[in-house]
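Got chain E sorted already, so can you dock chain R onto it with the hints?
Those protein sequences? They're chains E and R, same order as listed. Using numbering that gives the first Met the number 0, read the first sequence as starting at 0 and increasing by one per residue. Using numbering that gives the first Met the number 0, read the second sequence as starting at 0 and increasing by one per residue.
Quick caveat, the hints were computed from the structure, so don't treat them as lab data. Mixed in with the good hints, there may be bad ones.
[As the list claims (entries may be wrong)] In silico lysine-lysine, DSS-like type, Cα no more than 30 Å apart, as pairs:
| # | chain 1 | residue 1 | chain 2 | residue 2 |
| --- | --- | --- | --- | --- |
| 1 | E | LYS131 | R | LYS193 |
| 2 | E | LYS59 | R | LYS42 |
| 3 | R | LYS20 | E | LYS59 |
| 4 | R | LYS194 | R | LYS109 |
| 5 | R | LYS6 | E | LYS167 |
| 6 | E | LYS167 | R | LYS113 |
| 7 | R | LYS113 | E | LYS165 |
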Amino acid sequence: MESTTIAGDRCSDPASLFAMLMEQHKGIIYKITNAYCQQQDDRQDLAQEILTTLWLAFSKYDSDFKFSTWMYRVALNVAISYYRKGQRRVDHIGSVNDDSIINMADLNEDQQQSDTITQLYQFIGELDKLNKAIILLYLEDESYQSIATSLGMSKTNVATRINRIKAKLQQKFNQQEQ
Amino acid sequence: MDLDNLKNSWQQQPNNEAAMKITPSVLTTIKVTQQQLTLNKMKLARLVEGIIFGLIVIMLSQYIVNSFSVSLTAPLLSAGILTIFALIGLAGNIGQLVLMDNVDYSLPIKRVQKDIYLIFAHKLQLTKLLLCSAPFYMAYVFLGFELLVGVDLYPYLSTTMISFYTISSVAMLLVTLWFINKVHYKNINKPWVKKVMQLIIGEKILCMAQFVNSMEAN
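So here's chain E without its partners, still in its complex pose (with noise of 0.2 Å):
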């Protein structure tokens, strides 16, 4: 159904359709990079990169595949690849204010975000690259296969870490409330 109306959309103007599609999508990005930053600069920074990233890569985008998987994958590879040491960088498309392609809110200001979201976030935080990729797409209702897909790795081997991740942050969860 995405697919299709996607691919009914090509020939509008790219720019438009690509704006549409992240902003119904834009969680996505929200999620990742609250989920691999603790930052805020670094998020702000981390989804201006995904963003571009995305926009330059848009034009390859098979409208065969689901648009929320293409867009998960290339924005989980740009967060696993990310890194940065020091200062915070002043690139061409400008600084964090009025004209940056995407404003964040600072996750730990958002009063509407619920405590135990909030909470999630932080226990997310403290997993290592690849558990953090898994437990994003498990938390999105993705089929073990599809995770397992997108990843490269065996549906068997997804398994295991998922329940391994799922017991860890279920402990977390209950030191948190006694």
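Using the frame of chain E, we list chain R on its own:
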């Protein structure tokens, strides 16, 4: 707290407009990402390296053609050995340029991350190539003497010295091959391998190596 019960509220994020705003009008001005900027600089570096290797290959080939005779001399053999190393370096650089042009972020994470690691870990490959040529140090000496002084050093060496150089080269070759084989992301859990790799490729690429290793270990 069951994680499965959180799925619904997780998927609703961001749950308010202010949490994340995208300004699509800026999009059309974007031509390159930060990582692409880095890759472009690396492409230029690989291109320069490739030209240097190419020039070395041309010069050594010219020397071989010009000095070729019925008998095989030590400088001629040395030039042949060094040409092979220069060709490996050239092929490696061409491979790197091809790899850089083919990074597709929509492919499975394991493959993309390995490709990115291989691109960024070029310094490690170059170091390995240089180390590989170290046991053939006499090739540099023979060729150097021939080119600078015009003397073939080999006939002036005693049997004892030839034996010494041969044994030391074979010993060095064995140690180098063992070392090169060990210094690989698959052995990154060994502290000394990790330290050596960190020294050569730095912290950022070491993180990539650790990630690739953790994915391949599954």
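What hints, given by number in increasing order, does this structure fail?
-> Structure breaks no hint.
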